[in-house]
Amino acid sequence: MLISYNWLRELVRFELSPRELAKRLTMIGLAVDTVREAGDDYILEFDLTSNRPDCLSHLGVAREVAALVGARVHLPEAKIPSLRGRAGELISVEIEEPDLCPRYTARIVRNVRIAPSPEWLADRLQKIGQRPINNVTDITNYVLHEQGQPLHAFDLDRLRGRKIIVRCARRGERILTLDGVERELAAQMLVIADAERPVAIAGVMGGEEASIHETTRNVLIESAYFDPLTVRRTARALDLHTESSHRFERGADPEAALRAQERAIALICEIAGGEATEDALDLYPRPIVRPVVALRPSRVEALTGVAVPEEDIIRILTALGFHLKDGERIEVAAAEQPLRFITPSWRVDIEREEDLVEEVARHRGYEKIPEELPASKNVGEYLYGEERRRTARRALAALGFDEAISFSFINSAYEHGFAPLPTLGGDEVEFVKVSNPIIEGVTLMRASLVPGLLEAVRHNFNHGTRDVRLFELGRVFARDPHGERPRERESLGLVATGGALEEGRALAQRALDFYDVKGALEAASEAMAAPRLEFEEARVAHLREGQAALVRLNGRAIGYIGRLAESVAAQFKFKQPVYVAEIDLTSLLEAEARKVRYAPLPRYPAIVRDLSIIIERRISWAAIRRAVLALGLAYLRSVEFADVYEGQGVPEGHRSLTLRLEYRADDRTLRDDEVDRMHEVIVRKLKDEFGAQLRQ
Amino acid sequence: MTEVDHIAELEAVRSAFARAFERFARFEGGAGALPLDEAESALRELSELRARHTGRKSALAALKKQIGRVPVEERAAFGQSVQRLEAEIETRLERVERALKEAVERQRIERERLDVTLPGRRPRRGHLHPITLLRQRMEDIFVAMGYAVEDGPEIETDFYNFDALNIPPSHPARSSQDTFYTSDGLALRTQTSPVQIHAMQRRRPPLRVVAPGKVFRRDTPDATHNPMFFQIEGLLVDRGITMAHLKGTIAEFVRRMFGPQTRTRFRPSYFPFTEPSAEVDYSCFICNGTGCRVCKGVGWIELGGSGMVHPNVLRAVGIDPEEFSGFAFGLGIDRMCALMYGLDDIRLLYENDVRFLTQFD
Chain A
1 MLISYNWLRE LVRFELSPRE LAKRLTMIGL AVDTVREAGD DYILEFDLTS
51 NRPDCLSHLG VAREVAALVG ARVHLPEAKI PSLRGRAGEL ISVEIEEPDL
101 CPRYTARIVR NVRIAPSPEW LADRLQKIGQ RPINNVTDIT NYVLHEQGQP
151 LHAFDLDRLR GRKIIVRCAR RGERILTLDG VERELAAQML VIADAERPVA
201 IAGVMGGEEA SIHETTRNVL IESAYFDPLT VRRTARALDL HTESSHRFER
251 GADPEAALRA QERAIALICE IAGGEATEDA LDLYPRPIVR PVVALRPSRV
301 EALTGVAVPE EDIIRILTAL GFHLKDGERI EVAAAEQPLR FITPSWRVDI
351 EREEDLVEEV ARHRGYEKIP EELPASKNVG EYLYGEERRR TARRALAALG
401 FDEAISFSFI NSAYEHGFAP LPTLGGDEVE FVKVSNPIIE GVTLMRASLV
451 PGLLEAVRHN FNHGTRDVRL FELGRVFARD PHGERPRERE SLGLVATGGA
501 LEEGRALAQR ALDFYDVKGA LEAASEAMAA PRLEFEEARV AHLREGQAAL
551 VRLNGRAIGY IGRLAESVAA QFKFKQPVYV AEIDLTSLLE AEARKVRYAP
601 LPRYPAIVRD LSIIIERRIS WAAIRRAVLA LGLAYLRSVE FADVYEGQGV
651 PEGHRSLTLR LEYRADDRTL RDDEVDRMHE VIVRKLKDEF GAQLRQ
Chain B
1 MTEVDHIAEL EAVRSAFARA FERFARFEGG AGALPLDEAE SALRELSELR
51 ARHTGRKSAL AALKKQIGRV PVEERAAFGQ SVQRLEAEIE TRLERVERAL
101 KEAVERQRIE RERLDVTLPG RRPRRGHLHP ITLLRQRMED IFVAMGYAVE
151 DGPEIETDFY NFDALNIPPS HPARSSQDTF YTSDGLALRT QTSPVQIHAM
201 QRRRPPLRVV APGKVFRRDT PDATHNPMFF QIEGLLVDRG ITMAHLKGTI
251 AEFVRRMFGP QTRTRFRPSY FPFTEPSAEV DYSCFICNGT GCRVCKGVGW
301 IELGGSGMVH PNVLRAVGID PEEFSGFAFG LGIDRMCALM YGLDDIRLLY
351 ENDVRFLTQF D
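Here the protein sequences come in this chain order: A and B. full-length UniProt numbering puts the last residue of the first sequence at 696; the count rises by one with no breaks. full-length UniProt numbering puts the last residue of the second sequence at 361; the count rises by one with no breaks.
The shape of chain B in the complex, shown without the other chains:
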């Protein structure tokens, strides 16, 4: 074979490739907006083309085999030409392949692009009742302050609900106008205070307990009343307990509940089971005492009743009031709930309207 033949053969391979490659040449600069299916079939065809033109049985492979047979003096030059051709073919194939793969990849990405702003997938979540949320928070605060959470029956005897609490037989609170009675003559407890008596019978001083729970009063339901509501009762009995301890304890609770800036105010009041007695106010958590709509302009919000445990109450459970003294307090959870969440109608608390319940966390 002559030199010319080698060259001619080489040129034939080159032009055969160029012809076959012609329809891919336009992708050398990028496959741009080629539709996905066309890009994918072009890729397949390209790989066939590669096999045909660069595979083991290709003209190019035959050409490479010829290198050894070329006369020694021409071999180097021919070899280089073949290598250049092979490199050229590879480069062009790769360039197009890359462009097509990129196009395919790009379009796949486009096709699978997500709307990341659609809502995440999770079952609808339920919500705890606002009374539960507040009650748990109060319990947590008092437990941290060393109190034991106590509990008592919701249907009570006169002894626990009234007598032991120093409420005289003639007291209006005992009337069937104010208190629910069962047909067996028991009272639906009108306050959590009877738990004081149960607690003092179960534990001896020194004791500190809180008792959250349901209570009942014969109020017709309206925007500010329900015949059933929740209170939390507190009781501490020990030697040497004074009103200063009552004030300190309530002030600490209120700061933990409403924030460290909250102040308290104690006003003389009257409850049959405490003496001296005090009504507790705390500075408004909205305006911090300057007066606003929530506190009706006075800067103070009523928290509840409190006082030093009446000696008759201590005596009713066999504790000597000369040896021990104690304080007690009772706070309304519903009222606090109404103020904290801005409820304008507390009947909502027990209607169980899902639109209401789902607002609390």
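Okay, chain A solo, but in the shape it has when bound:
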């Protein structure tokens, strides 16, 4: 909202420069964004909070200034030179919806001459960003900006049946509004109608047909109070936001209707000539009553920390238009007597004691409130699992993964083809859908972090970065058919593609693969001291068969890892292999932390033997290891993976695998022949169970 410094000074006397004024008003809650010089004037641009529609005019700002500097507001006198006839003889007004239109007033000026506005008027409006149209229309606009009361001028002779009816629109009714757009009205919209059709959308915009034209001779000035909610709904539904709707939907001053109308009539008579009716038709079927609010002076100190003397409280509130209701102090033994204040009609934001405390505090000045630290009765604590989250982040960053944050909503194109996080409910997962997306097609709350991470990879590819490692911690969602709210799980996602870059070296020594992502996942879970993750080959919707695994924690499926399937890669136009993983972080955070217990150091040496076997490719390392351990050999201390080789010298469909076996007794040094016997048992087992051959 724009306010003219000079105009304001006509309403209240003060000795503040435009910049000082802006600063002082900002500090009492009327935020001034900019002060701009405009010829011999200054224009202040306000960014007002929605609870203060009373300040949406020069009068409104003047009231605050008056309270600030201890002055009075002077409204210009409305002198109407020639009066003739009574409004009721010329028009009849009927309110069909008194709840939506608690007050409607109409007054008429006859024999006006429509012409361009005089220079001073046009200039004033232009300075505050309004376009002059003609004298009568401009006067209504002028009074709106002076007093905050929206007015509307009708051509009396274009109102059919000499009738005004405030009613709801009828199904299918249309109106050509002043902005030149023909609009269809809905049944719950309030309109001003004549005997036949709507002539204005109440509180929003007038219709072209019954508006002021060059030929207009007789005008009717409407000044009303419309229900805020009705106006807001209508303005929203029509996407039509005007100076008028802006004020009505926040709450106008019902008691200002006649005063503003009289001011407009006086200006019309002065500028456009004509004779006004002696009176206005004033229908006020539902009087708006502002509350009487009690204030205990002690509450000012209790809430602000500053004691304000009673007389200062009364002075501040009276200056703001509140009236102390005398003689109504309730006598209660030992309890504090509250002051009771009658709220001015324009203060729609005042309802309770705390509101008055704020009025007192802001006019005393928030800067007078001291800074104190409250005595602490609490201890600080992080969110459950926060330490684990932080160590996981650090572990992943140490491995070269950058942290990503993606939008929680994803494109509906990803509804199929991606396995949701298994802890959300397996294949039965139903997406949470956003019914009013802001980005077209982005209608799903993600059930997996993978689509977002793949979009990030694509973004990086498109910008020339081909070596990408990203991780993300964030929530994923799924509908819960039984709960009030959807399921929300915290998830950890990883993506890796391109080369295993080293810091400061441009050329990667090797390409990233499945085991880099697996290693990162293991490092993260280890950093969280979580139990060991288990991996099991599986078929997963978005992953390539044969390079995909289910990830388990304590036997429960918590995620997936693998290479992106060709079909998905093609959808993203990826030409290089991309590896992804996702696990349910909540499960890791909730898992019991691995406990460290010291194991005594061995007193006798171990004997370490490597065993190389040729074995079918389909036999997994995990199966081999499990088989060896299942033998239950007392002195076999560990079975470790040493190496794998495929190619020359190894038959098709086979691979050469080297195991490192460690044998050790706690009470003596093992003899070679003892170890030989155990080793022989292992070789036989692998031969019998898997057809493994010793490699020579």
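Since the hints were derived computationally from the structure, they do not count as laboratory data. Even for Gly, the Cβ is constructed at its ideal location relative to N, Cα and C. Check the hints yourself; a few may be wrong.
Claimed, not checked - With a cut-off of at most 27 Å between alpha-carbon atoms, the simulated BS3-like pairs for lysine-lysine come out as follows:
{"no.": "1", "chain 1": "B", "residue 1": "101", "chain 2": "B", "residue 2": "57"}
{"no.": "2", "chain 1": "B", "residue 1": "214", "chain 2": "A", "residue 2": "433"}
{"no.": "3", "chain 1": "A", "residue 1": "573", "chain 2": "A", "residue 2": "518"}
{"no.": "4", "chain 1": "A", "residue 1": "79", "chain 2": "A", "residue 2": "127"}
{"no.": "5", "chain 1": "B", "residue 1": "101", "chain 2": "A", "residue 2": "23"}
{"no.": "6", "chain 1": "A", "residue 1": "518", "chain 2": "A", "residue 2": "595"}
{"no.": "7", "chain 1": "A", "residue 1": "518", "chain 2": "A", "residue 2": "575"}
{"no.": "8", "chain 1": "A", "residue 1": "368", "chain 2": "A", "residue 2": "23"}
{"no.": "9", "chain 1": "A", "residue 1": "127", "chain 2": "B", "residue 2": "296"}
Claimed, not checked - FRET-style restraints, in silico, Cβ to Cβ:
{"no.": "10", "chain 1": "B", "residue 1": "263", "chain 2": "A", "residue 2": "430", "range": "47 to 55 Å"}
{"no.": "11", "chain 1": "A", "residue 1": "625", "chain 2": "B", "residue 2": "177", "range": "31 to 39 Å"}
{"no.": "12", "chain 1": "B", "residue 1": "224", "chain 2": "A", "residue 2": "626", "range": "53 to 61 Å"}
{"no.": "13", "chain 1": "B", "residue 1": "224", "chain 2": "A", "residue 2": "625", "range": "51 to 59 Å"}
Unchecked claim - Chain B stretches covered by chain A per the calculated footprint, using a threshold of three residues with CB under 8 Å from any CB of chain A:
{"no.": "14", "region": "133–144"}
{"no.": "15", "region": "177–191"}
{"no.": "16", "region": "227–236"}
{"no.": "17", "region": "307–319"}
Put chain B on the given structure of chain A with help from the hints.
Showing chain B alone in chain A's frame:
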């Protein structure tokens, strides 16, 4: 054997050595720029020469054996001559050997000289997201000030997101123009304030909590808007809490966050869930309040909204506003991030461009 014979034999040994040593003599003053392989073979040859001329079967060794056989009166003089010769040979051998070894050593060093300015070897390091960095810092500050970090769902019911926060049913913020709704009629939380309600239901006063998290508003993405961003909410409820405590707390936070010289300014404002309400500004961390490009010349930067918890909010969770009072505040992390790092387009925050992410530590 005569004396002359001894002498002649001694001289023969000397000259035999001198002849054999002749090609090494030039190294006595240093082996200089002799190529490494030549220096190494010269060393080998030198060691052979030493064995030949000073070893057990050498002429010199034979000469030393003769000393005892020389007549007593000549023995001392002869012995001394032999010793001198041996010393002379040893000295020359050693001198050359040292020179050659030095040359070899030097060249090996040259050959293995490293470029110490090449980058150290380490895997490429990853980086935490700037939002995470700021969020962790804020959490650390508030935890140190006795706050518990809290958390709530990102998809909320109207009760938590609006009703309990004293936002009337007709409030524009509830409209589908501003708030995302799921097809089941739930709201993507538009603020972290609903966590206030969860926190007050979980803990009873005295309580102090902060809740950082994601929030959603229906803004079309542009240089200054994203439909998703991060806030941190703070709430303290106890007996006798006033705006002075709010001011003191925010001022302390801001000093810890931006430096001890930072000042705060509280302006009256409006939020449905606080009364009185205040907008908080802090003095610009670039110009310290004198006005610069970052603070658009005003010296102050908006931090966020705050105020005394509205009695209706306290009542919604069964806390008596006559007995307890509290303050709450909500700060935007993205905006602070944009200002601190000088981002000109906050869409960068969620595009996950590696060239962007790697700039933060």
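Evaluated hints:
| no. | hint | verdict |
| --- | --- | --- |
| 1 | 101(B) with 57(B) | holds, 26 Å |
| 2 | 214(B) with 433(A) | holds, 18 Å |
| 3 | 573(A) with 518(A) | holds, 24 Å |
| 4 | 79(A) with 127(A) | holds, 26 Å |
| 5 | 101(B) with 23(A) | violated, 85 Å |
| 6 | 518(A) with 595(A) | holds, 23 Å |
| 7 | 518(A) with 575(A) | holds, 22 Å |
| 8 | 368(A) with 23(A) | holds, 16 Å |
| 9 | 127(A) with 296(B) | holds, 24 Å |
| 10 | 263(B) with 430(A): 47 to 55 Å | holds, 52 Å |
| 11 | 625(A) with 177(B): 31 to 39 Å | violated, 60 Å |
| 12 | 224(B) with 626(A): 53 to 61 Å | holds, 58 Å |
| 13 | 224(B) with 625(A): 51 to 59 Å | holds, 56 Å |
| 14 | 133–144 | holds (count 5) |
| 15 | 177–191 | holds (count 8) |
| 16 | 227–236 | holds (count 3) |
| 17 | 307–319 | holds (count 3) |
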